[in-house]
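Numbering (the numbering used here), first residue to last: 1 to 191.
These aren't lab readings, by the way, just hints derived from the structure by calculation.
Heads up, a few of these hints could be off.
Here are the computed lysine to aspartate or glutamate pairs in the EDC-like style, where the Cα-Cα straight-line distance is at most 16 Å [said to hold, decoys possible]:
| no. | residue 1 | residue 2 |
| --- | --- | --- |
| 1 | LYS66 | GLU116 |
| 2 | LYS69 | GLU116 |
| 3 | LYS69 | GLU57 |
| 4 | LYS146 | GLU116 |
Pair by pair, the computed Cβ-Cβ distance ranges are [said to hold, decoys possible]:
| no. | residue 1 | residue 2 | range |
| --- | --- | --- | --- |
| 5 | ASP130 | ARG176 | 35 to 43 Å |
| 6 | ALA119 | PHE27 | 22 to 30 Å |
| 7 | ALA84 | ALA150 | 17 to 25 Å |
| 8 | ARG75 | TYR30 | 46 to 54 Å |
Treat the numbers as computed from the prediction; the structure is a model and nothing was measured.
We put the beta carbon where it would ideally sit given N, CA and C, even for glycine.
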Amino acid sequence: SRTVLEELRAVPWASWDDELRAWRVPFRSYEELQRRWPSIERAAQRAEPEERKRRSEANKHSGEHKAAKLRHAERRRRRYPLPAEDLPPFGRPVATQQYGIVVFTGISGELADDPELSAFYPQLTDTAVDHVWARWRPATLTELIKTWPARRPAGSTERSRGWWQPTLDELRIARRTARSLERRRQRIASF
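Construct the complete structure from the given sequences, taking the supplied hints into account.
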């Protein structure tokens, strides 16, 4: 547990012994360890598998869990509602509120009018505009490097339609993430 580690690291002169795979606390730190022991014990009990399973079972029936499950299912579908009259350029990276910088690959032609999904896609609240479902994929590192940033941040009109040209700061974050994903793929491929 992270809390247990933080508490043990806060004890003066306490150290981890790799050979014994245990914490060593000298006698001079005994009182500090005793003072911190109740919080260490509580954190260890919370980290027990049975306790974690009990908490997850209790959380399963909450509205928050159902919303997270629906949001995850929506992300797995890799679809995004776009205004039918104002479509982004396909094959080029654009920024979105929910998924960061993505590349739209095509349109299904199906209208996006499910009222349940307006919680995940704020642009669906505008009922005067018809939205269609578009397919998306994450932008690759080479696409992100070739993308020119917007001169100024997106305004409220661009954000309300659901997509905009990414700024330099948004591109830097996406490039960093894409670079680390590419490195991870190379490490996995080398094994």
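Going through the hints against the structure:
1. LYS66 / GLU116: holds, 12 Å
2. LYS69 / GLU116: holds, 13 Å
3. LYS69 / GLU57: Within the cut-off at roughly 14 Å; holds.
4. LYS146 / GLU116: violated, 37 Å
5. ASP130 / ARG176: 35 to 43 Å: holds, 36 Å
6. ALA119 / PHE27: 22 to 30 Å: violated, 57 Å
7. ALA84 / ALA150: 17 to 25 Å: holds, 23 Å
8. ARG75 / TYR30: 46 to 54 Å: holds, 50 Å
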